[in-house]
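A.B. asks: Below are the chains, spelled out letter by letter.
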Amino acid sequence: MIYQLAGYMGRKSLSVMGELSHGAMLINETIYWLFLGPFKKKGMRWRSGIHQMVLIGFEAIPIVALISLSVGIIMALQAAYQLRRVGALIYVADLVGISITRELGPLLTAIILAGRSGSAFAAEIGSMKVTEEVDALVAMGLNPVKFLVAPKMLAIMLMLPSLVLISDFVGIAGGFLVAVGGLHLNFERYFTQTVHALMLNDILTGLTKGLVFSMIIGFVGCHEGFSVEGGAEGVGLRTTRSVVTGIFLIILADCFFTVLFYLFV
Amino acid sequence: MTDPIIQVLDLVTSYGDLKVLDGVSLDISRGLITVVAGSSGCGKTTLLRHLIGLLKPVSGQILLGGRDIVTMSEKELYRIRTRQGVLFQSGGLLNSMTLAENVSLPLKEHTELEDSTIQIMTRMKLELVGLLGFENFLPSQISGGMKKRAGLARAIAMDPEILYFDEPTAGLDPVTSAEMDQLILKLKKTFKMTIVAVTHELSSIKNIADWVIMLDQGRVIFSGTLQKTLVCENPIVRRFLDRKPGQVVYDSQKYLNAITGMSL
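As you go down the protein sequences, you meet chains A and B in turn. When you number the first sequence by the working numbering, it's gap-free, plus one each residue, and the end is 265. When you number the second sequence by the working numbering, it's gap-free, plus one each residue, and the end is 1264.
Keeping only pairs whose Cα atoms sit at most 27 Å apart, straight-line, the calculated DSSO-like set for lysine-lysine is:
{"no.": "1", "chain 1": "B", "residue 1": "LYS1108", "chain 2": "B", "residue 2": "LYS1186"}
{"no.": "2", "chain 1": "B", "residue 1": "LYS1228", "chain 2": "B", "residue 2": "LYS1189"}
{"no.": "3", "chain 1": "B", "residue 1": "LYS1244", "chain 2": "B", "residue 2": "LYS1254"}
{"no.": "4", "chain 1": "A", "residue 1": "LYS42", "chain 2": "B", "residue 2": "LYS1075"}
{"no.": "5", "chain 1": "B", "residue 1": "LYS1188", "chain 2": "B", "residue 2": "LYS1228"}
{"no.": "6", "chain 1": "B", "residue 1": "LYS1228", "chain 2": "B", "residue 2": "LYS1192"}
{"no.": "7", "chain 1": "B", "residue 1": "LYS1188", "chain 2": "B", "residue 2": "LYS1108"}
{"no.": "8", "chain 1": "A", "residue 1": "LYS129", "chain 2": "A", "residue 2": "LYS12"}
{"no.": "9", "chain 1": "A", "residue 1": "LYS42", "chain 2": "B", "residue 2": "LYS1108"}
{"no.": "10", "chain 1": "B", "residue 1": "LYS1056", "chain 2": "A", "residue 2": "LYS129"}
{"no.": "11", "chain 1": "B", "residue 1": "LYS1056", "chain 2": "B", "residue 2": "LYS1075"}
{"no.": "12", "chain 1": "B", "residue 1": "LYS1019", "chain 2": "B", "residue 2": "LYS1244"}
{"no.": "13", "chain 1": "A", "residue 1": "LYS42", "chain 2": "A", "residue 2": "LYS129"}
{"no.": "14", "chain 1": "B", "residue 1": "LYS1192", "chain 2": "B", "residue 2": "LYS1108"}
{"no.": "15", "chain 1": "A", "residue 1": "LYS40", "chain 2": "B", "residue 2": "LYS1108"}
{"no.": "16", "chain 1": "B", "residue 1": "LYS1108", "chain 2": "A", "residue 2": "LYS41"}
{"no.": "17", "chain 1": "A", "residue 1": "LYS129", "chain 2": "B", "residue 2": "LYS1019"}
{"no.": "18", "chain 1": "B", "residue 1": "LYS1206", "chain 2": "B", "residue 2": "LYS1186"}
{"no.": "19", "chain 1": "B", "residue 1": "LYS1206", "chain 2": "B", "residue 2": "LYS1188"}
{"no.": "20", "chain 1": "B", "residue 1": "LYS1228", "chain 2": "B", "residue 2": "LYS1244"}
{"no.": "21", "chain 1": "A", "residue 1": "LYS129", "chain 2": "B", "residue 2": "LYS1075"}
{"no.": "22", "chain 1": "B", "residue 1": "LYS1228", "chain 2": "B", "residue 2": "LYS1206"}
{"no.": "23", "chain 1": "B", "residue 1": "LYS1206", "chain 2": "B", "residue 2": "LYS1189"}
{"no.": "24", "chain 1": "A", "residue 1": "LYS40", "chain 2": "B", "residue 2": "LYS1075"}
{"no.": "25", "chain 1": "A", "residue 1": "LYS129", "chain 2": "B", "residue 2": "LYS1108"}
{"no.": "26", "chain 1": "A", "residue 1": "LYS12", "chain 2": "B", "residue 2": "LYS1056"}
{"no.": "27", "chain 1": "B", "residue 1": "LYS1108", "chain 2": "B", "residue 2": "LYS1075"}
{"no.": "28", "chain 1": "B", "residue 1": "LYS1019", "chain 2": "B", "residue 2": "LYS1254"}
{"no.": "29", "chain 1": "B", "residue 1": "LYS1206", "chain 2": "B", "residue 2": "LYS1244"}
{"no.": "30", "chain 1": "A", "residue 1": "LYS41", "chain 2": "B", "residue 2": "LYS1075"}
{"no.": "31", "chain 1": "B", "residue 1": "LYS1056", "chain 2": "B", "residue 2": "LYS1019"}
{"no.": "32", "chain 1": "B", "residue 1": "LYS1228", "chain 2": "B", "residue 2": "LYS1186"}
{"no.": "33", "chain 1": "B", "residue 1": "LYS1206", "chain 2": "B", "residue 2": "LYS1192"}
{"no.": "34", "chain 1": "B", "residue 1": "LYS1019", "chain 2": "A", "residue 2": "LYS12"}
Think of the hints as simulated: they come from the structure by calculation, not from any bench.
Produce the complete structure using the sequences and hints provided.
C.D. replies: And the structure:
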């Protein structure tokens, strides 16, 4: 019994260590191709990067906007429910503006992209691994990290912060709708209140979070893709894991950065 | 055998406790077709993956033109790979790209040629394997045999010195198999390529091989010219060539242990 327990723990820690070392190698190589690749001849596949940007960024605009709008409305209503009692209804503007830009905009966008793009990375690379396509790339002398990972990372690192900006804007607009339509606040007063409440730092910290989340999604998705073993079942397993691990790490990182920004920014 | 381009010295590799290759040593001569044969599970595909540098052995050396690729840096390995071509068992085509894009990919990534030149070269390679007119098809739209031929066109796109085949004729009908054999012979004759093919198809071995290396349970059991192979007396080689089933010794105690999952 005790042997089995020790054996189980040993095997588990070995596999976790193995994943960590693979992940570290992937990060190392990706950083090389992402930052030094563009200065080399044929070091970065721009065309593929732009294609990924359309898939990751442009095509996600409707869903990001819709969810941000709903959350903006929800936030405004919940804030109004509390603030009405103390007669401070106008502070709905502050609350919605700040919580969307500092927190919910980046978080929601990241969770949507973890589900949309992180899983797509894992599934694409994973099925390429199963069908010997990754081996074929290596055999042709093409580095799979340069070929597959770098364009995806470039795209998601640019697109996620851009989507965060859209999410911020639409989220605040959702608050507007509630305030002007439902709470009968004056449009102009609400607008100036929001502008006064928001500081550049609020938006910048949100964008910083977005950039960090984008790296988490990209690395987790690609790492899970390269870890696929076996057939279709392996692809499914790793795709699921890419979403679950991605969201888990995003929330951990969010917690860390929120504490950091609260204390220092 | 003279002028070896690849020398494998005492290669050992294992998956967990299972030794897949157990002290394999062999030479591959320049300009000849060497066939690595053996029944399923003998380690021949694993050997091929080591030769390409996709897997690292536990111990042993693989000398390519006198330099050990086992200890070589990744960067050098990638450079060497541009001078060799590999045809994977299922073709290994990138499924998101058309045939023309697949074949032109190595040219686009490794050379400074003009796009128009690349287009012409791509068509030449596709013509060579009989796929002219299929440039804009996706791999999912063509048959298995065509995928293999398209994979071959891509493998020879850079005019490699060494060409590796993993089961070139497995899963193909007899006519297509014979055509594939003809194609391999043509490549050897016209381009003076060194060809290494891993296969268990008897007819294919008899058609194309200059030199045969037989593997069994991770060891080299025979190495010689095709003529010598056909008259070889080694019982395992004979069984393979004559398509005889291996002798199963019936041991009732062993059988009982095996099916009940108990060990003595």
